[in-house]
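Participant: The hints should help you fit chain B onto chain A, whose structure is shown.
Below, each chain spelled out in residue letters.
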Amino acid sequence: MRWRRSNRVLHRDIGYFFFGMSIIYGLSGIVLNHIDDWDPSYNIRNEQVQIDPDDLKTSMTKGQVLDILDGLDIDSRYKSHYYPGRDILKVFLKGGSVTFNMTSGKGIIELVSRRPILFEFNFLHYNNPKFIYTYFADIYGAVLMIRAITGLFMLQGKKGLSGRGKWFVGIGILIPLIFLLFYL
Amino acid sequence: MKRIIFILFLPVALFFACNEKTSNNNSSENTDPEVVSSIVPVDDLMKDPEAYVGKVVEVEGLVTHVCKHSGKRLHLTSPATNEMIRVEATGDIIQFEREMEGSEVRMKGLVQKLVIDEDYLAKWENELNSKVENHDHSQEEAESELLVNMRMRLENSGQDQLVSYWMDGTSFKVN
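Quick note, the sequences are listed as chains A and B, same order.
Every letter in the first sequence is one number past the one before it in numbering that gives the first Met the number 0, and letter 169, counting from 1, is 168.
Every letter in the second sequence is one number past the one before it in numbering that gives the first Met the number 0, and letter 12, counting from 1, is 11.
Next up, chain B with everything else stripped away, as it sits in the complex:
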């Protein structure tokens, strides 16, 4: 019996040991981003998203969509103007419940930005090529397709870059 208990609980001890090491590593690398003290409606955020990039903001809006497959992202929209920001579930948020659709929500999180330009696509292409050279064929076809689509979108836009903003949500309150 003692042997059985030992076998069953050995993995627990190992996992706790691994987890402790990871937390120690993280604590020394964190730097706190600037926090915007006022509550920002989605409209205001999307009027000048650049001003909020890298900052923690509390944004208010209507939840108009929750990802049905994973529940890991939602759309926070202004019903007045249809301005929308995508929110990813991070931090203490495990997942967004589908029942949140149609609710007014105050979402706290870090505003993020992705710039897709020719440099970004070229770097991506290089990474993809090295994967092919290393015979890692697992996802390269789907990724190549995505890369081609992205390049077409950039060309069709007639601009040098496409900019995408989103929020890494860390907590929220349903109003």
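Just chain A, same shape as in the assembly:
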């Protein structure tokens, strides 16, 4: 039938065209689902260090802070520093920070770097480019629905919607409904 051929062509070509978007949204969707367990866009590495507490003073110059960082081999990363609490010195680094307890001399170095690929994918998933990308992403959302509908009519017979297809479609709709029933 003619409409079935058009349906197949539509399903195939929008699948080709939006292949990239499907990968972007699929992968970032998985990682953003677990945002409470990890940082999906940044790699964070923590390291504990110990320095002599006598080296830490309540009003330090940049030079004095750099001397401390030099001993930890991170002096080239220095950006700025301040005292968020009476007993705490926080030093901002390019790509992280070090927080020192001024009484104990204990410090925690936090090094932060962008996760390759995931940072960029999440950037798009959050619609951070805004403007025209918003419309492109909207079209992609609409196309996902068109693909789902055209997909229903790709095959006829036993493997089509009237055969096993109807069971898969039914179960696939039922699963989110069950979650809605229990959690809404």
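None of these hints come from the bench; they were simulated from the model.
A few of these clues could be false.
In silico DSS-like cross-links for lysine-lysine, where the CA-CA straight-line distance does not exceed 27 Å [as the list claims (entries may be wrong)]:
(1) A:Lys78 / B:Lys71
(2) A:Lys93 / B:Lys107
(3) B:Lys67 / A:Lys105
(4) A:Lys93 / B:Lys172
(5) A:Lys129 / B:Lys172
(6) A:Lys89 / B:Lys54
(7) A:Lys61 / B:Lys172
(8) B:Lys54 / A:Lys78
(9) B:Lys172 / A:Lys89
(10) A:Lys105 / A:Lys89
(11) A:Lys78 / B:Lys67
(12) B:Lys71 / A:Lys129
(13) B:Lys130 / A:Lys89
(14) A:Lys89 / B:Lys46
(15) B:Lys67 / A:Lys129
Facilitator: Just chain B now, kept in the frame of chain A:
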């Protein structure tokens, strides 16, 4: 093929049409807030925040925190006194990058104020109750909890009201 192109681009036409209507509506309602011409350090702003409420100000300070989840807010702090103002990303600012932490920034934006007192909490409670009556249970539990916390904070403060100031940031420059 023509049919496929039509289907693909129909949503674009619809969205542009909707967008145009919204912009037209907004243009007639805008009134420009007063602009403070000098650059204000965070210290000075927080010494007398009331004087800046409703005004557009350029504030200088150190970025000590960027919201890790959304990137939509940051803390602008004075390293000398630890005075801090929260800045929300609005206008042309899409999000604050985490790499901004530790940078000296000049932030332009509108200073805003929220007063939390018994009237505010009572109004909030009424809205919450009407949501329950309308069987809109989606967020009411979390909101009720927030309301109770807020009321406790107000009571514990021993004052009639809690005042919170923040800035709706519209543009910024990293010094």
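Participant: Hint by hint, note whether the structure agrees.
Facilitator: Here is how each hint holds up against the structure:
no., hint, result
1, A:Lys78 / B:Lys71, "holds, 22 Å"
2, A:Lys93 / B:Lys107, "holds, 24 Å"
3, B:Lys67 / A:Lys105, "holds, 24 Å"
4, A:Lys93 / B:Lys172, "holds, 18 Å"
5, A:Lys129 / B:Lys172, "holds, 20 Å"
6, A:Lys89 / B:Lys54, "violated, 32 Å"
7, A:Lys61 / B:Lys172, "holds, 23 Å"
8, B:Lys54 / A:Lys78, "violated, 31 Å"
9, B:Lys172 / A:Lys89, "holds, 23 Å"
10, A:Lys105 / A:Lys89, "holds, 12 Å"
11, A:Lys78 / B:Lys67, "holds, 19 Å"
12, B:Lys71 / A:Lys129, "holds, 14 Å"
13, B:Lys130 / A:Lys89, "violated, 45 Å"
14, A:Lys89 / B:Lys46, "holds, 24 Å"
15, B:Lys67 / A:Lys129, "holds, 20 Å"
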